[in-house]
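Position chain B relative to chain A; hints supplied.
In order, the protein sequences belong to chains A and B. Take the position in the first sequence, starting the count at 1, then add 962; the result is the number in the working numbering. Take the position in the second sequence, starting the count at 1, then add 874; the result is the number in the working numbering.
I should point out that these hints are in silico values taken from the structure, not numbers from a laboratory. All values reported here derive from a predicted model rather than from experimental measurement. It cannot be assumed that every hint is accurate.
Under 7 Å between C-beta atoms, here's a sample of chain B residues computed to sit facing chain A [said to hold, decoys possible]:
{"hint": "1", "residue": "917"}
{"hint": "2", "residue": "1008"}
{"hint": "3", "residue": "1012"}
{"hint": "4", "residue": "1020"}
{"hint": "5", "residue": "1024"}
{"hint": "6", "residue": "1052"}
Residues from chain A that keep clear of chain B, each with C-beta distances beyond 10 Å, as calculated [as the list claims (entries may be wrong)]:
{"hint": "7", "residue": "965"}
{"hint": "8", "residue": "973"}
{"hint": "9", "residue": "1082"}
{"hint": "10", "residue": "1101"}
{"hint": "11", "residue": "1110"}
{"hint": "12", "residue": "1210"}
{"hint": "13", "residue": "1313"}
{"hint": "14", "residue": "1357"}
{"hint": "15", "residue": "1400"}
{"hint": "16", "residue": "1404"}
{"hint": "17", "residue": "1406"}
{"hint": "18", "residue": "1642"}
{"hint": "19", "residue": "1650"}
{"hint": "20", "residue": "1680"}
{"hint": "21", "residue": "1746"}
{"hint": "22", "residue": "1761"}
Glycine residues also receive a C-beta, built at the ideal position from the N, C-alpha and C atoms.
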Amino acid sequence: MTYMHIGKDFTPPCAEGKITGAARYAEDFKREGMVFARLLTSPVPSGMVRNIDVSEALRMDGVVGILTAEDLPEQARPGIPALSNELTYVGQPILAVAAISEQIAENALERIRMDIERRSFVVDPLDSLVEGGPNAYPEGNVMMRGENGMELRPLKWSRQAVEDFRAGREPAAEFTTEWSYGDLNAAFAEATVIIEEPFVTAGYPHHSLEPRTCMAYWENGRCFFHGSLQSQSAANAPLSRMLGIELDQLVFINETTGGGFGSRIGPYSFMSIAGYLSRKVNRPVQVRITREEEFFIGSARSGMQGWIKVGVKPDGKVAAVDVIIVNDGGSSGSGSGSSSAGAISVSYQPAAMRFRGASVFTNTTPRGAQRGPGQNEMHAILAPVMDKAARQLGMDRVEFRRINAPDHNSLIEANQGPVTSAYMREAIDMGAQMFDWQAKVNQPRRNGSKVIGIGVGEGYHGAGNNGFDGLIRIGPDGRIYLHTGVGNLGTYSYAATVRAAAEVLQCPWENCEIVRANSDRGLPHSSGQGGSNTIFTHTRTNYVAALDAVIKMKEIAAAELGGTVDDYSIDGSRVFKTATPAEGLTYAEAAQRAIALGGKYSGAEYPEDLNDLTKLAVQKIAGTGLVGVSKDNLEKNGTAPGLAIAFAEVELDLDTGKFEIRDYTAVAECGTVVHPKGLSHGMNGGGVWGFGMAGFERHVYDPQNGLPANVGLYQSKPPTFLDVPLAMHTAAVNLPDPQSPFGARGIGEPAMGCAAAAVMSALTDALDGHLFNRTPVTPDMIIEHVAQYTYNNKSLKTNTF
Amino acid sequence: MSVNLRLTRRRFIKGVIYSSAAALSGAGVYLASAQSRPAAAVERLLSINVNGRTRRVDVLPQETLAHTLRYKLELTGTKLGCNRGECGACTVLIDDVTNYACSTLTHSVKQRAVTTIEGLQAADGQLHSVQQAFLDELGPQCGFCTPGQVLATVALLKSNPRPTREEAREALAGNLCRCGAYDHYLNGVMRASGQLS
Chain A
963 MTYMHIGKDF TPPCAEGKIT GAARYAEDFK REGMVFARLL TSPVPSGMVR NIDVSEALRM
1023 DGVVGILTAE DLPEQARPGI PALSNELTYV GQPILAVAAI SEQIAENALE RIRMDIERRS
1083 FVVDPLDSLV EGGPNAYPEG NVMMRGENGM ELRPLKWSRQ AVEDFRAGRE PAAEFTTEWS
1143 YGDLNAAFAE ATVIIEEPFV TAGYPHHSLE PRTCMAYWEN GRCFFHGSLQ SQSAANAPLS
1203 RMLGIELDQL VFINETTGGG FGSRIGPYSF MSIAGYLSRK VNRPVQVRIT REEEFFIGSA
1263 RSGMQGWIKV GVKPDGKVAA VDVIIVNDGG SSGSGSGSSS AGAISVSYQP AAMRFRGASV
1323 FTNTTPRGAQ RGPGQNEMHA ILAPVMDKAA RQLGMDRVEF RRINAPDHNS LIEANQGPVT
1383 SAYMREAIDM GAQMFDWQAK VNQPRRNGSK VIGIGVGEGY HGAGNNGFDG LIRIGPDGRI
1443 YLHTGVGNLG TYSYAATVRA AAEVLQCPWE NCEIVRANSD RGLPHSSGQG GSNTIFTHTR
1503 TNYVAALDAV IKMKEIAAAE LGGTVDDYSI DGSRVFKTAT PAEGLTYAEA AQRAIALGGK
1563 YSGAEYPEDL NDLTKLAVQK IAGTGLVGVS KDNLEKNGTA PGLAIAFAEV ELDLDTGKFE
1623 IRDYTAVAEC GTVVHPKGLS HGMNGGGVWG FGMAGFERHV YDPQNGLPAN VGLYQSKPPT
1683 FLDVPLAMHT AAVNLPDPQS PFGARGIGEP AMGCAAAAVM SALTDALDGH LFNRTPVTPD
1743 MIIEHVAQYT YNNKSLKTNT F
Chain B
875 MSVNLRLTRR RFIKGVIYSS AAALSGAGVY LASAQSRPAA AVERLLSINV NGRTRRVDVL
935 PQETLAHTLR YKLELTGTKL GCNRGECGAC TVLIDDVTNY ACSTLTHSVK QRAVTTIEGL
995 QAADGQLHSV QQAFLDELGP QCGFCTPGQV LATVALLKSN PRPTREEARE ALAGNLCRCG
1055 AYDHYLNGVM RASGQLS
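Chain A with its partners taken away, still in its complex shape (with noise of 0.2 Å):
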């Protein structure tokens, strides 16, 4: 289908900012009287504060004020408090100071004196789960359902449990989280290959570029808060909650974000700190972070320590398989088993299935949703694991995978469910051809020490959800103002999205503006832009905002001009009869009719489904023109899936460790493409995100002291310009979701699990089908294997160098 805007290059409107300069993230922005916040931080893994004495600091000239824990609300527990004096990780923010400049702040945490009880640590959740191990809280190292609901308590392996596991044998022990589908006995018994692997991959942090900034201050009741978020309207609610004021007391302004990731998905607690803060003093506060800070209270990703059985059939299908995962849920006890886990489920389609696992808590950093989390890593240790059953059936990996591949039928997930399309096979086929699967595999392989290795992975989450709500405003000069909740983090949604809406009034993009970046403009509801989710659900709020305001203009002409509506069709930024075009009227006349008209038509009045927000939106633009306003209250049945498939040539220095990847292609399978240099950048940007996590980026936490080792960028790693491929090639499916208006779904996670799985796959594949079963696999580790030193990768040891 050919549109006018849908699957069309543009220019977003803040590109041109953020190529001279002008865009305006948290930090920019300043007010008058405007003081600073420092935060005083955990020095050890574990332990309570029992006095603080800030007198000293109070006196300085140039502080205004000091926040503490008990300045907040009660906050939940376990969790990732703003301030406190329960001390689970190093870098843990315990009070903050306010001052007329950073420095004397700083200076100030200097005076401050406390005691600090400490307490016993643990940076390996194997550590805490064998039996006599610490507990990162005193009361437990899980969350565990009890009489209460989920409580804190220990969970404790036997010493035979935690060796068998660390040996890549199934563990004789209890889990917190259990679910099965099939007949598993029965599965694996039609299986003649079976493949039985442990494997650890490592948490890391997001590292987002932009330290997160947050400014805050208080005039007539009403808070405006600067901040750095994924979404913009997703902020509201719980942000006013966090505040304790009125939703139509806040004013929360983003006008730019500098990178997510899944770190910045909802308000996180530390945004408590300026408000509070502020109102404490009485003077606008900004709270601005180091980089040192962000590694500490960023987010991280959750790592793994698990056990998997494949059993696979002779025809190549995956008959069974059983998976065990020990999330490192850091002092925030996150952990995304369950999903890793139902990710194999959607890739390979196992007719019987079980996941066991717990999510152990750990005295370092909080962990949290990043990119694909539990998927992505998951299919990065799975692509050797299948690998592996491909090779011992003699059958071609990308055959294995396309014989396995999700189709409209299958049913994914724990629950069996449905999907709202798949055209998986379709991908595989189109990235094999543009990658040229064949010709690669057969090519040389060995030129002195170096060694070429060829490799396929998938990628996948699921890409949409439903419910939100839509809204646009028709001016009096016929312009279209496209209100957006949807934040402006690097991917371009927020107008890729709004494009639906343009797409549905058949308007022209420069007669287009878009409404964004500050709650007080009127902004509806919107997702919280984690999960892929943004393109699938806001083109579908978008659609039906702008199928609202269609109706509600014909309504308008149909009463003018006689006639019904189903009379009436728009073209050309009018409205107009069908039979006779020249009877109608522009899009100018019918808003300024809506305008006369009232009710329903200017915003007087609108649905009661809307969320709160979105009311709170429409309240503000009422009686400015014609308002469409409407929630998604469209069909979807199923999870829309974002599928990927890539394809990468390594190419790996025997003498050295090191590898380079030489070749990289991506196909996306995420339906209609909506934005193509959007979706470039979500498969590329994905990409590059994949190729830190199989080579590169980890936490090392010292289990002696309970400190990071490594909380710089430079250690970290993020993949610089040299540890990516020259060009990379990307493409897409392009074949419409039934469940979208326009047929689009996401991609933005699926894209990086793909290529950390693809490169895991071309590593097995250089070194003769060794399996490292771990992320990321770095130089020593090849280094030891080549040299046949047997790098010990059933030990699931964690904080490795």
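Chain B in isolation, oriented as in the chain A frame:
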């Protein structure tokens, strides 16, 4: 245990990076300088050439150029991603050579020409050819590293007007992009150098 310790490594220049109040509060400037001033007297009021204009600015002895640009001259296009020479978001040109402004003392640029991202656009608003190429290729994602990427490209093309893609990525390797927009940036370099139409 009784402690009075901050979880901070020894910072590059302690105290300087935190004196943002200088842009807003005279008291902040005074206190910051009084606490940080070394024994030997150092000239405070400097004239520095930024984007072709001479700017008079009160500079602390150990103040970084990034600090001066962002908080005293309000040239906020220079971004601070790490403030310790790891990311390149603060890249500026000093006599047409790329430098990390977070790791450059303002006092060291007295006799030199500083170009920030704000200095590339013509007075009539026309974009610099590199900016236009980056816009055409939609180089940025989140945009936080983009001013540095643009300036690194401007410097590259002055010394090597038609770089290969390999040369371009070597030249830009000091500029980290967490979004992973490298391919788009390299396309921007190729377009700016007339090698991509």
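Would residue 1746 of chain A pass as off the interface with chain B, using Cβ distances and a cut of 10 Å?
Non-interface label stands for residue 1746 of chain A: nearest chain B Cβ at 28 Å, farther than 10 Å.
With a cut-off of 7 Å, does the beta carbon of residue 1052 of chain B approach a beta carbon of chain A closely enough for the hint to hold?
The hint holds - residue 1052 of chain B has a Cβ within 7 Å of chain A, the shortest such distance being about 5 Å.
Nearest-CB test (10 Å) between chain B and residue 1406 of chain A
holds, 23 Å
Is the claim that residue 1082 of chain A lies outside the interface with chain B correct, judged by CB distances over 10 Å?
At about 14 Å from chain B, residue 1082 of chain A clears the 10 Å cut-off, so the statement holds.
Return the status of the interface hint for residue 1024 of chain B: holds when the least beta-carbon distance to chain A is below 7 Å, violated otherwise.
holds, 6 Å
Chain B versus residue 1313 of chain A - minimum CB to CB distance exceeding 10 Å, so not interface:
At roughly 37 Å from the nearest Cβ of chain B, residue 1313 of chain A sits farther out than 10 Å, so the non-interface label holds.
Is the Cβ of residue 1110 of chain A farther than 10 Å from every Cβ of chain B?
Fine: 34 Å to the nearest Cβ keeps residue 1110 of chain A off the interface.
Does residue 1008 of chain B pass the interface check with chain A, least Cβ-Cβ distance below 7 Å?
Hint on residue 1008 of chain B: holds, closest Cβ of chain A at ~5 Å, below 7 Å.
Could you let me know if the closest chain B CB is still more than 10 Å away from the CB of residue 1761 of chain A?
Non-interface label stands for residue 1761 of chain A: nearest chain B Cβ at 19 Å, farther than 10 Å.
According to the definition I'm using, a residue is off the interface if its beta carbon is farther than 10 Å from all beta carbons of the partner; does residue 1680 of chain A meet that for chain B?
About 6 Å separates residue 1680 of chain A from the closest Cβ of chain B, which leaves it inside 10 Å; violated.
If we take the beta carbon of residue 1650 of chain A, is the closest beta carbon in chain B still more than 10 Å away?
At roughly 3 Å from the nearest Cβ of chain B, residue 1650 of chain A sits no farther out than 10 Å, so the non-interface label is violated.
Using Cβ atoms only, decide whether residue 1020 of chain B comes closer than 7 Å to chain A, and label the hint accordingly.
holds, 5 Å
Going through the hint list in order, the structure does not satisfy hints 1, 8, 18, 19 and 20.
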